[in-house]
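**Q** Residues per chain are reported as follows:
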Amino acid sequence: MLKFDEAVTGLFGQWDIYTTLIAGLLITVFAYQVISSRDPDAHPMLLARQAHASPVRQEGESPVFRSHSAPHGIPLNSGLNVKDPGDSKWSRGRDGDLRDVWRKVITGGVDQEGKETGEVGRILTVLGTENIIVHDLSKVPCRNAE
Amino acid sequence: MSTILVRCRAGMRSSHISNLLIADVTRQINLIGQHIKQNGGERVAIYLPNSIEFVAALFACAYYDLTTILVPFDKPIETIIDLLHKSRTDTVIAAVGSFPFDVITKSYPSLQQLIWVVDEGSKHMDWNEVPTGTGGAVNVSTWQDIISDHEPTAGTELPAVDRNTEPKNILAFWPSGELVEFTPANIVAGIGGQITSVPTTQRITHADLFLPADSLTTVYPLVLTLAALYSNASVALNSVAGRSPDLVFATQGIAPTIIVTSSSILARTHSETAAKLNSSLYRLIHWFQTRSLVQHGVMPLATVLSRLYDSLRPVIGTTPGKLRLVFVSEQVGADSTPLSAEVLSDLRIYLGSRIIYALTTAKVAGAVTQTGIYDYRVDDGTEKYSHFGVPVTSVEINLRDTTEHKTSDQISAGEVSEQSSKSDRLLTLRRSLPQDLPSWAARQGLELWERSRRIILWP
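Those sequence lines, one after another, are chains Z and L. Okay, so the first sequence: first residue is 1 according to the numbering used here, each after it adds one. Okay, so the second sequence: first residue is 1 according to the numbering used here, each after it adds one.
Some hints could be false.
[As the list claims (entries may be wrong)] Derived pair list, reagent style DSBU-like, types lysine-lysine, alpha-carbon separation capped at 35 Å:
(1) L:168 - Z:89
(2) L:322 - L:75
(3) L:106 - L:37
(4) L:276 - L:384
(5) Z:83 - L:168
(6) L:276 - Z:104
(7) L:168 - Z:104
Simulated from the structure, these hints should not be mistaken for laboratory data.
Using the sequences provided together with the hints, build the complete structure.
**A** Rendered as structure tokens:
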């Protein structure tokens, strides 16, 4: 016990300005690492296994590769999943066509319950370079609105 | 002109203006569609730069049961005539001054109808008048006259949609001159695929300002723009898009959050910026930022040191830092500039935005495969092309053995085969590639990353 006491005393007895600097540096580096570390945007495993191959393949063919968001066994994404007013929110929407794209532009965003949120996008026409039309979007549509 | 615009700005709230505008475009869709239909048009060629008229004409064709033909803008006159012949166009919507009327009526007599889109500056001229001795049977009118000849209340309601009829097809030209016919189902599958192939948190929302900095006559930017419209994002249309070789010019005056551009423009942006940023201090900063991307898998944060170089980075839009996503595509069988994984990684640092690099082919609307939005990995440096990621959600890929390349238990190889699309609503790769593939794969060797090894598609 006495030896241990002496060892500890000896250790701290040697403490000087350099020890303080080194210890301070170590703590700073550690703190910086902790503070600045960020989780990767995607798990490396997800990056390494991006496509999903079908479990079986035909002789002379490769498996069928698909995105993870469109797994095997369900149909590929075939459209816009348009839900008309009154459709059940659990039902699969129609594929729709271009007309539904413009209809959506007019009605604006809808939330999960199918209610309109009033989030209507804008269409801006940028005419010429900045010398002619100043850096402002809001006035650009006036050309069509006047 | 600019004074009128400034007064408008002072007088109206922006949301008010946008609502007016949308209603106004709806009116244009109706009136133009009715006009073409009444005059017996069936196959409508759109020969316009990116503009509101382009969008309106596209939807007019969808609502009024007309076949749309997207003619690449700013091509030599011989090419245009050739494309008109190939597509059997009977109606052309063209920008004034871009379309030599007499030459085309002489060499393309089946033209029946022509609608000029007149810009503000030349509105006062009488565009309806056909020069004597030319034209003859061609019915010439201007877009603005068609709109202003009707009551302001006319055409404000969209026609009732008959769900049993599908709109007509959309025809587009690949840079090689190949004419591809897309069914409406192909287009919506492409749009749906583009929307859902990005993680939910990164999807296009109504808060985004989307700028197609590439011509909308190319199907990939068109499909993305339609996806942005469907997602209720704001869309900025700039007529220099696709023609200006400079990303900074194409984005002037607005602050886009998402852009779609061509690989040649990005390659140019990269080489110009890299030439400016060549000091040894910057190289050190760049090394740290690349490390953050590649090793840590995160977008690098701006630091005091990296801000020193902000003025040398490309200035995208009026509010730097707003840009969050860049879509860029490689066109199979066309002469597009390859982007390597290093270049893409550098561009992520220069632009401060994520980049999705997509592989597109003539016969697939939207992308075939695209790199994951969070995939910042850099290949070993020997490859000319960066890796392309997984198929989008509307596409699946299947390879057939060839004499040289066979699928084994270790590796998937072969050519993209022709049969199989499970439903004809979906264009899968196999319908598209037999003729493109030899030149394409010989040139680049498409790679899909799968279980950390490459699948090489060879002819």
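**Q** Taken at face value, is the distance from the CA of residue 37 of chain L to the CA of residue 106 of chain L at most 35 Å?
**A** Cα-Cα ~24 Å, so holds.
**Q** Taking only the CA atoms, is the gap from residue 168 of chain L to residue 104 of chain Z under or equal to 35 Å?
**A** holds (20 Å)
**Q** Just to be careful, I want the Cα atoms of residue 322 of chain L and residue 75 of chain L compared with a cutoff of 35 Å; is the pair within it?
**A** holds (33 Å)
**Q** Mind checking the alpha carbons of residue 83 of chain Z and residue 168 of chain L for me, to see if they're no more than 35 Å apart?
**A** Distance of about 22 Å is within 35 Å: holds.
**Q** CA of residue 168 of chain L to CA of residue 89 of chain Z, is that 35 Å or under?
**A** Distance ~29 Å between residue 168 of chain L and residue 89 of chain Z Cα, so the pair holds.
**Q** Measure nothing beyond the straight line between the CA atoms of residue 276 of chain L and residue 384 of chain L; if it is 35 Å or shorter, mark the hint as holding.
**A** Holds - the C-alpha atoms of residue 384 of chain L and residue 276 of chain L are around 23 Å apart, at most 35 Å.
**Q** Against the 35 Å threshold, does the CA-CA distance of residue 276 of chain L and residue 104 of chain Z hold or violate the hint?
**A** violated (44 Å)
Violated hints amount to a single one, hint 6; each of the other numbered hints is respected by the structure.
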